[in-house]
Amino acid sequence: MPTNTLNGRSFAVDEEGFLTDRDQWSEELATELAALIGIELDEEHLAPLRFMREDSARTGVTPTLRRMQTVGGFDIKALFGLYPGKPAKKMAWLAGLRKPVGCV
Amino acid sequence: MNRLLILGAGTAGTMAANHLAKALDHDWSITVVDRDVDHHYQPGYLFVPFWMDPDRVVKDRRDFLPGRATFRQEAVRLVHPGRRQVELESGDLLDYDWLVIASGAVPRPDLVPGMADGSLWREAVHEFYTHEGATALRAALARFDSGRLLVHVSEMPIKCPVAPLEFAFLAEDHYRRRRIRHQVDITYVTPLDGAFTKPVASAELGGLLEDRSIRLAADFAVERIDDERRRLVAYDGRELPFDLLVTVPPHTGQQFVVDSGLGDDAGFVPVDKHTLRSREHERIFVLGDASDIPTSKAGSVAHFATELFVDNFLAAVEGRPLPNSFDGHANCFVESGRGQALLLDFNYDTQPLKGAFPVPIAGPMRLLTPSRANHLGKLAFEQLYWKVLLPGHRLPVTAHLSMAGKKPAEEH
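If you read the sequences in order, they're chains A and B. All residue numbers for the first sequence refer to my numbering, where the first residue is 3 and numbers rise by one. All residue numbers for the second sequence refer to my numbering, where the first residue is 3 and numbers rise by one.
If you are wondering where the hints come from, they were derived from the structure by calculation, not from laboratory data. Think of the CB as a built atom: it goes at the ideal place given N, C-alpha and C, for glycine as much as any other residue. Please note that a few of the clues may not be correct.
To be verified - Computed Cβ-Cβ distance ranges for the label pairs, DEER-style: (1) 205(B) / 5(A): 44 to 52 Å; (2) 76(B) / 8(A): 31 to 39 Å; (3) 55(B) / 29(A): 36 to 44 Å; (4) 340(B) / 79(A): 39 to 47 Å; (5) 4(A) / 257(B): 21 to 29 Å; (6) 79(A) / 76(B): 38 to 46 Å; (7) 8(A) / 375(B): 25 to 33 Å.
To be verified - For the chain B half of the interface with chain A, some residues (derived, Cβ under 10 Å), not all of them: (8) 89; (9) 90; (10) 203; (11) 207; (12) 403; (13) 405; (14) 406.
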C-alpha cells in the first residue's frame with residue numbers, strides 16, 4: 003500500500019488516495035486535504051464528516067447519502083452545496099473512509 | 003422439542019431449511035413462513051426482457067422445502083425477540099427457540115419521487131427486479147426502436163449489483179441484432195464514480211462500455227424523475243432526458259423487520275459479518291439479502307454463507323463457540339452481451355481476481371475476461387439452482403474464497 007505525506011503527516015492510502023487506516027485520520031488532516039480540492043472546512047463542512055466517522059465505526063461501512071439523510075438528519079441538497087459535484091466521494095475521502103463501491 | 007422458525011422461503015431460507023433438515027435430530031420441528039407460494043429464480047429476471055419466458059422463472063416454493071418442514075403461507079407482522087415469538091398478519095403467534103430471518107431485500111420504486119407515483123411508470127419508466135416489471139419491460143423493449151435509453155441505478159445497496167450493467171450490455175446486443183443500434187442511444191447512469199468501481203475491474207473492463215458505445219453518467223445521485231419532461235434529475239442539477247428509462251429502484255429490507263425494531267435505517271438486520279448471527283439477539287441468525295453484511299446482495303453470497311452457517315448454528319444451539327467464519331465470498335457470472343460473460347470472484351477483503359476458476363468437469367473458467375464458456379455457465383446455472391443449490395446438495399466449489407489458479411491484483 004502506498005503512503006502519502008502532506009505537510010509532514012504520513013498516512014496509508016489505497017490506489018485512489020483514500021485512507022486505509024481510519025486511526026491515521028484527524029480533523030487537521032481533513033482540513034489540509036480539503037484545501038487541496040478547494041474547500042475550506044468549517045463547522046458546517048465538518049458536521050457530516052464527524053457523523054460519517056461515528057456511523058462507520060459502528061457499521062464498518064461508509065454511509066450512503068440516503069443514510070446521511072435518514073440517520074444523520076442531513077439534507078442531501080445541502081451536502082451538494084457544501085461538497086459540489088461528488089459529495090459522497092469527496093466526503094468519504096475527507097473523512098478518511100473508503101469510497102462507496104459496487105462489486106466490480 | 004426444539005422449534006426452528008425460518009422467515010422467508012427464497013434462496014437463503016430454502017437452502018437453510020434443507021441443510022438443517024439433514025443436520026437436526028427429530029426432536030426439532032422446522033417451520034417455514036412465506037406470504038406466497040411462488041419461488042422466483044431471480045437471476046432469470048435479467049433475461050425475461052430479452053428472451054426468457056416469464057413463466058419459466060417461477061416454481062412452487064413448497065416443492066423445494068424438505069418433507070419434514072411445515073410450510074405456513076402468511077405474511078409476518080412482527081418479531082418479538084424478547085418472548086421468542088413471531089406474530090403473523092392474522093394475529094397468530096408462532097413460538098420459536100431459534101429464528102432464521104431470510105426475508106430478502108425489496109425494490110422500492112416509491113422512494114424516488116416521480117418513479118412509482120409518476121405517470122410514466124411501466125410506460126416509459128421500467129424496472130426488471132420484479133416478475134411484473136421484467137415482463138412489462140419485455141413488451142416495452144419490443145416496441146422501443148429509437149431514442150434515448152437510460153439504464154439507471156438509483157442507489158446502493160441493490161440486489162445483484164452487476165445486473166444493471168449486464169442489462170446495458172444485453173440491450174446493446176439486442177439493438178445491434180435488430181440492426182437498429184444506431185437509432186438507440188444508451189447511457190449507463192450510476193451513483194458510484196464509474197461503471198467499474200474497483201481499480202482492478204476498471205483496469206480490466208473499463209473499455210467495455212466505450213467499445214459498445216454505451217455512454218456513462220457517473221456520480222449521479224437521483225433526486226426525482228420529471229415525468230412531464232421525461233428527465234432523470236440529479237441533486238446536483240444535472241438532467242438526463244430519456245425516451246425509455248430502465249431503473250433499479252432503491253432497496254430496503256422487509257417492513258416487518260423495521261416494525262420489529264430489528265433493522266438499520268434501510269431495514270437490514272445488523273449481524274456479525276463472519277457468523278451471520280444477529281448482533282442484538284443471540285437466538286436470531288440472518289441469511290441472504292436481509293442482513294447488513296458488507297458484500298453483494300446476491301444468490302452466491304447466500305449460498306456460501308448458508309453452507310457455513312449450518313455448523314455455526316449447530317454450535318450455537320449446543321452453546322459451543324461458532325467454528326466457521328464467513329469471508330464474504332461471492333462469485334457471479336456477468337453477461338457482457340454477444341454471447342459472452344465474465345466471471346467474478348471476490349470477498350470482503352479481496353478485489354475481483356484474475357486468472358481462472360477451477361471447476362471440476364466443466365474445466366477452468368476465465369475470471370474477469372469475457373468468454374463463451376462463462377455465458378454457457380450462467381445459463382447452466384439455472385438448472386443447478388433448482389436441482390442442486392436449493393435442495394442443499396453441495397456444489398463442487400468452496401464456500402471460502404480459494405486462491406488456487408487465481409491471480410490477485412498486483413499491489414502498486
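Original post:
Are residue 89(B) and chain A close enough, Cβ to Cβ, to be under 10 Å, as the hint says?
Top reply: With a minimum Cβ separation of about 26 Å from chain A (threshold 10 Å), the hint on residue 89(B) is violated.
Subject >> Hint check for residue 29(A) and residue 55(B) - Cβ pair distance inside 36 to 44 Å >> reply: 58 Å, violated
Original post:
Is it true that the C-beta distance of residue 79(A) to residue 76(B) lies inside 38 to 46 Å, as the hint says?
Top reply: 42 Å, holds
Original post:
For the hint on residue 406(B), does the least C-beta distance to chain A fall short of 10 Å?
Top reply: Status violated, d = 21 Å.
Subject >> Residue hint residue 207(B), partner chain A, criterion CB-CB below 10 Å >> reply: 7 Å, holds
Original post:
Is 39 to 47 Å a correct range for the gap between the Cβ atoms of residue 340(B) and residue 79(A)?
Top reply: With Cβ atoms ~41 Å apart, the hint holds.
Original post:
Cβ-Cβ distance between residue 4(A) and residue 257(B): within 21 to 29 Å?
Top reply: 45 Å, violated
**OP:** So, residue 90(B) near chain A? Judge it on the closest CB pair being under 10 Å.
**Re:** The hint is violated - residue 90(B) has no Cβ within 10 Å of chain A, the shortest such distance being about 28 Å.
Original post:
Are residue 76(B) and residue 8(A) spaced within 31 to 39 Å by their CB atoms?
Top reply: Violated: the Cβ-Cβ distance is about 59 Å, outside 31 to 39 Å.
**OP:** Could you say whether the range 25 to 33 Å given as a hint is met by the Cβ separation of residue 8(A) and residue 375(B)?
**Re:** The hint (25 to 33 Å, Cβ to Cβ) is violated, given that residue 8(A) and residue 375(B) are roughly 47 Å apart.
Original post:
Taking the least C-beta to C-beta distance, is residue 405(B) closer than 10 Å to chain A?
Top reply: Check failed: Cβ of residue 405(B) comes no nearer than 19 Å to chain A, outside 10 Å.
Original post:
Holds or violated: residue 403(B) as interface residue toward chain A, Cβ cutoff 10 Å?
Top reply: 13 Å, violated
The structure is inconsistent with the numbered hints 1, 2, 3, 5, 7, 8, 9, 12, 13 and 14, although it conforms to all the rest.
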